[in-house]
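If you read the protein sequences in the order shown, they are chains X and Y.
Per my numbering, residue 1 is the first one in the first sequence, and the count goes up by one each step.
Per my numbering, residue 1 is the first one in the second sequence, and the count goes up by one each step.
One thing to keep in mind: the hints can contain errors.
Using C-beta positions, here's what the derived DEER-type ranges look like [claimed, not checked]:
| # | chain 1 | residue 1 | chain 2 | residue 2 | range |
| --- | --- | --- | --- | --- | --- |
| 1 | X | L112 | Y | V316 | 49 to 59 Å |
| 2 | Y | V57 | X | S130 | 30 to 40 Å |
| 3 | X | G178 | Y | A61 | 33 to 43 Å |
Some chain X residues close to chain Y (C-beta under 10 Å, calculated; not the full set) [said to hold, decoys possible]:
| # | residue |
| --- | --- |
| 4 | R8 |
| 5 | G9 |
| 6 | D24 |
| 7 | C27 |
| 8 | A28 |
| 9 | E29 |
| 10 | A71 |
| 11 | H89 |
| 12 | A141 |
No wet-lab data here; the hints were simulated from the structure.
No experiment lies behind these values; they were computed from the predicted model shown.
Cβ coordinates follow ideal geometry from the N, Cα and C atoms, glycine included.
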Amino acid sequence: MSDGLVVRGVTKRFGARPVLDGVDLACAEPGVTAIFGGNGAGKSTLLAILAGVMVPSGGEALLDGKSLFAAATRRALGYVPEAADAPPHLLPDELVDLVAGLKRAPRPPEALLDALGWSELASRRIGALSLGQRRRACLAAALVGEPRLLLLDEPSNGLDHDRVGALVALLRARAAGGGLVVLATHDEALADALGARRLRLANGRMMAPSP
Amino acid sequence: MAVVARLAATETLPRVAPLWLALGLVASVIFGGNGMHPRTVIRAMDGALVARAALWVAWVAAVRAAVAAGVRARGLGPLGALPVGRGLRAAPHALVAALAQLPWAVLFAVGAGGARAIAATSTAAGLALVGATRPRRVIEALAQAALLAVALTPPAWLPSWGAAAIAVAALAVAAESAVRWAPDRAATERRARLGGRSAAVVLGRAHLVALGRGYLAGLGRAALVVALLAAVAGLAAANNHLGAMTALGRVSLALASAGAALAGGGAALFLMRSERQARWLLDATGTDERVRARATMLAGAAVGALAATVHGSLLVAMGRALGEAARAGAALIAAAAAAHLVAGVAAGALAARAARGAFVLDEIDEGRLASRMGLVVLGGALGAALVGLAAAALLAGAAVIAAARPGGRR
């Protein structure tokens, strides 16, 4: 449990166009890492690759020494994509039950769900929720089984001020509890509030920590 | 108006087309050759309130969801912000809703004349539109009452042209009401239990919940189509004195094949979409592709079981009602039920395969996938009818192997 997240030389091409060109990343200590970058820099692509949603053209990613590209290892991660487009006919409660059933893990504690404002969205179809509400539903599903690694794509998009505060408290608690959190974001204030390590993705490569 | 009509028709007409097809098959048996005249059906409706109410309820229930899908078609929302009156935007919906009533209109036109056909078409379209949303104003409640009155009042009490005028006016109100309330969202729903001993069962239950919420009307139409085709099998057997088990079996299974193809094809397309919508979640939770295939097959089998129950029940009921000539033996009922189950499993397997195959293509061509799926299910079901269940079993086996084969993604 000491290696953390190690990404080596990950590349991704869409046809002839390279999006990621040998990305390296190491998150050994528990905490929050925020990846910045312009539109189309490849932040979402990198997170999708780490989550197993997209297959890389090359490179490797390890979580505590095990390949993240192996299905079994992915049970130790939670992922929320930018669109948070979970199955629209399910209720958020059912989404959490589904992920718990697939991971064979318990639901997150009720207190944690309450912190996400669960009562106002749990019994409405996901397809009828706003972006911020869908994001909270997907975050709850991502927290099933207390994953070692959380991958969140633009986590503050669509959230109101109070919910961003709750998100910050939740992610800080995850980091304090030994979890690794990797964000793709444009939100400088969120990174500040989380005390996140900052990295910048540009021209398909991870650059030195941004100022 | 043309844009609104096109968007609404794109959602409504594909949903009612299988129903039209099934009714065409039924009509060819009932009204063809020396069969019944549509006038006989209309007289039966006119003569008994129960028959009239039952047929009206069945028809409106069959088309309501298709009409509702047109009112809520994607892309209509932004048009509501344009400086165009709601009445003008409602007119295309009234036309599309009326078009969806084509078989009903033909039945009344041939059986009772033009004025009754206009009244029946407008009434059915209005009731379907009223059912698409929940009326809240007095004028909407009055329109709803007027539509019900036109549908249920004996024609002797209400002149045809008067009924037509009332129905057309009420249809206009119903269409405006549907457009007015369509953007409102649904309230809360009851939570389904998704527990299970295996991941495939949990995921299969999630697919079934999605089917129940997002495709309930489709399942209802599929059940209606299967019921109609099973009824045709019994009628054909009775009319042609097909007492022999082999002849009755062939007629029944041939018609079951068409029903299974329609029921399985639509459900398979929905399951494929459901699988694709959950793809990132399943990938990120490391859910094995075989688990996904088993889950869609389980959901497909449940759809097949529904069709099998409807078909089997109809065969038994027809045997009791029409006597020896239409009586199906236990072996035939079992064969029909098995054909539906096999078609359901095959449809689920194809859905899993198609959902995965969609990512081989960078751009997803849903129409092509749907047509392939429909052809394979139809081919297998026809094979079951013409050659025997072995053909359906072969198809199901091939589909299951294709679904379980690893790789093929990205």
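How the hints compare with the structure:
1. X:L112 with Y:V316: 49 to 59 Å: holds (53 Å)
2. Y:V57 with X:S130: 30 to 40 Å: holds (37 Å)
3. X:G178 with Y:A61: 33 to 43 Å: Given range 33 to 43 Å: violated, Cβ gap about 56 Å.
4. R8: At 21 Å from the nearest chain Y Cβ, X:R8 fails the 10 Å test, so the hint is violated.
5. G9: With Cβ-Cβ at 19 Å, over 10 Å, it is violated.
6. D24: For X:D24, the interface hint is violated, since the closest Cβ of chain Y sits about 22 Å away, which is over 10 Å.
7. C27: violated (18 Å)
8. A28: X:A28 check fails; min Cβ-Cβ to chain Y is 23 Å, beyond 10 Å.
9. E29: It is violated, given that the least Cβ distance between X:E29 and chain Y is near 24 Å, above 10 Å.
10. A71: Interface hint status for X:A71: holds (4 Å vs cutoff 10 Å).
11. H89: Given a least distance of 4 Å, the restraint on X:H89 holds.
12. A141: holds (7 Å)
Violated hints, listed in ascending order, are 3, 4, 5, 6, 7, 8, 9; each of the other numbered hints is respected by the structure.
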